[in-house]
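Student: Using the sequences and the hints given, assemble the complete structure.
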Amino acid sequence: MTETPDGPLGLLAELTHACPLSCAYCSNPLELTKRSAELTTDDWRRVLDEAADLGVLQSHFSGGEPLLRRDIVDLVAHASGLGLYTNLVTSAIGLSRPRAEALRDAGLDHVQVSIQADEPVLSDQLAGISSFDKKMEAARLVKELGWPLTLNVVLHRQNIDRIGAILERVEELQADRVELANTQYYGWALRNREALLPSREQLERAEQVTREARERLRGRTDVIYVIPDYYSRYPKPCMGGWGSRQLVVGPEGNAWPCLSAHELPLPRANVTEHDLGWIWRSSPLFTAFRGTDWMPDPCRSCERREVDLGGCRCQAFQLTGDMTRTDPVCVLSPDRGIIDAAVEAANSDEGPAVPSHEPAREPVLVPVPALVSRPHRADE
Amino acid sequence: MTSTVPRTGRPRLARFVKMRYDKARERQVLLGPETVVVLNPTGADILGLCDGAHSVGDIVDELGRRYDRVVDDEVTSFLERLASRRWVEIPDD
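Chains A and B are the protein sequences, given in the same order. Mapping of the first sequence onto UniProt numbering: position 85 corresponds to residue 85, and the numbering continues sequentially without gaps. Mapping of the second sequence onto UniProt numbering: position 68 corresponds to residue 68, and the numbering continues sequentially without gaps.
No lab work stands behind these hints, which were simulated from the structure alone. The reader is advised that the hints may include incorrect statements.
Label-pair ranges, simulated between beta-carbon atoms [unchecked claim]: (1) B:Arg66 <-> A:Thr292: 23 to 31 Å; (2) B:Lys23 <-> A:Ser96: 31 to 39 Å; (3) A:Pro284 <-> B:Asp92: 21 to 29 Å; (4) A:Gly291 <-> B:Tyr67: 45 to 53 Å.
Below, simulated SDA-like cross-link-like pairs (lysine to any residue); rule was C-alpha separation at most 20 Å, straight line [unchecked claim]: (5) A:Lys143 <-> A:Gln174; (6) A:Lys143 <-> B:Glu34; (7) B:Lys23 <-> A:Ser244; (8) A:Lys236 <-> A:Met323; (9) A:Lys236 <-> A:Trp294; (10) B:Lys18 <-> A:Gly55; (11) B:Lys18 <-> A:Asp222; (12) A:Lys143 <-> B:Lys23; (13) B:Lys23 <-> A:Asp297; (14) A:Lys236 <-> A:Gln174.
Just so you know, even glycine gets a beta-carbon here, dropped at the ideal spot from N, CA and C.
Tutor: What follows is the structure in structure tokens.
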């Protein structure tokens, strides 16, 4: 009764790189966009129009913190008026009751609130700001106003042992969905990889706890668990294929096939210079790795080439300096040694200390390699 | 599956799910959190009748008339799948 769709389904609108949080695994670029260089409200309205024309059905408003944009309510109303399913991806800082009510009246469909841990000490430490209590309050408000609530949790070495307690929070807040996503190592997270990559033992325990919670919460909460690809044999089919399902537009108007592609040495495509339809269909950026023709071996002759599509171009570039190589995560990649070395370090006795092997009721903070926080915003 | 779809239940779309026509793909689509489901004409017909007024039995009868064949299992298994994802609610009174 269902079919496989063509064209982009989702637009990730990264409205700003400014953020009250300073998480060390932030997916924003190392080089943040200045607020003064951000697209105008009219620019974004046009981007939404062009996205809808292109067949986009969902608009995800993200950042940075999208609530720092004064026009967020207008943009949600505009997207909603186009029939797009609108989603706010927020730290919840700034989601006051009047703002939330205005967003609801504008037609916002779904809210995703990030939490860093199950309790304030670790959560605030990871977020770099006192924020946990505000997040709990905002999550309750989301439910009270009748939205479906998703909680987003990025998992890493310093919070993964608390996953049981995190899932208890999820249950208490009656979230409709929880995304437990192991850190993906790009940008800030790659810089902090040594302090963030969990051990195999930590992961196995977390997966066990997640399986049990999924059973317990069946019919109430969808539990989505994203594995860390460093521990996989084969790479992820990133974004469902390059320029295949999703597109990202950054604060300055650069369009990308994925969140991390700004790292790649490819020609930029900016929505202030080109129509989004042209960018999607014809730009050198979006056509660079579409399909399988670009593949070198071992991908070219591999029977999995249509399954994982060569893995992630950004990971290949960041780890090997060559964006056309097979994703080093693949066991068939000649570069797999790079991944193995990182995994070995995360599992060695001399490796970064693991906070606690027992699921402690209170967080135990032990010295680990220092996390480099991202700044709250770019210098003007 | 332990639950079966009651024939007297009156299915309706969950509050957070939207069904609309997608002119780019010329199909009805279901939109929910982080999910897009592109419907074929039969799926769209079934969900078009999930208005909280028609019972499962009514929908089976109506689809049978439209397609001139027995669609009982098709309708119930489709609704059961969506209900298990909480995209469709099937209150039975």
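Student: If you check the beta carbons of Lys23 of chain B and Ser96 of chain A, does the distance land in 31 to 39 Å?
Tutor: 37 Å, holds
Student: Is Lys143 of chain A close enough to Gln174 of chain A, meaning Cα to Cα at most 20 Å?
Tutor: Satisfied, since the Cα-Cα distance of roughly 8 Å is no more than 20 Å.
Student: Has the given pair, Lys236 of chain A with Met323 of chain A, been kept, meaning a C-alpha gap of at most 20 Å?
Tutor: Satisfied, since the Cα-Cα distance of roughly 15 Å is no more than 20 Å.
Student: Within a Cα-Cα threshold of 20 Å, do Lys23 of chain B and Ser244 of chain A meet the stated pairing?
Tutor: 19 Å, holds
Student: Check the following: the C-beta atoms of Arg66 of chain B and Thr292 of chain A are separated by a distance inside 23 to 31 Å.
Tutor: 41 Å, violated
Student: Given the hint that Lys236 of chain A pairs with Gln174 of chain A, does the C-alpha gap stay at or below 20 Å?
Tutor: 30 Å, violated
Student: Starting from the hint 45 to 53 Å, judge whether the C-beta atoms of Gly291 of chain A and Tyr67 of chain B obey it.
Tutor: For Tyr67 of chain B against Gly291 of chain A, whose Cβ atoms are near 37 Å apart, the range 45 to 53 Å is violated.
Student: Taking 21 to 29 Å as the hint, is the beta-carbon distance of Pro284 of chain A and Asp92 of chain B inside that range?
Tutor: Given about 57 Å between the Cβ atoms, the range is violated.
Student: Assess, step by step, whether the Cα of Lys236 of chain A is no farther than 20 Å from the Cα of Trp294 of chain A, and give holds or violated.
Tutor: Measuring from Cα to Cα gives roughly 17 Å; hence the hint holds.
Student: Given the hinted pair Lys143 of chain A and Lys23 of chain B, is their alpha-carbon gap at most 20 Å?
Tutor: Violated, at roughly 32 Å.
Student: Would the hint linking Lys23 of chain B and Asp297 of chain A be met if the CA-CA limit is 20 Å?
Tutor: This hinted pair is violated, its Cα atoms lying about 40 Å apart.
Student: For Lys18 of chain B and Asp222 of chain A, compute the direct alpha-carbon distance and say whether it is at most 20 Å.
Tutor: 18 Å, holds
In this structure, the earlier hints numbered 1, 3, 4, 12, 13, 14 are contradicted, and the remaining ones agree with it.
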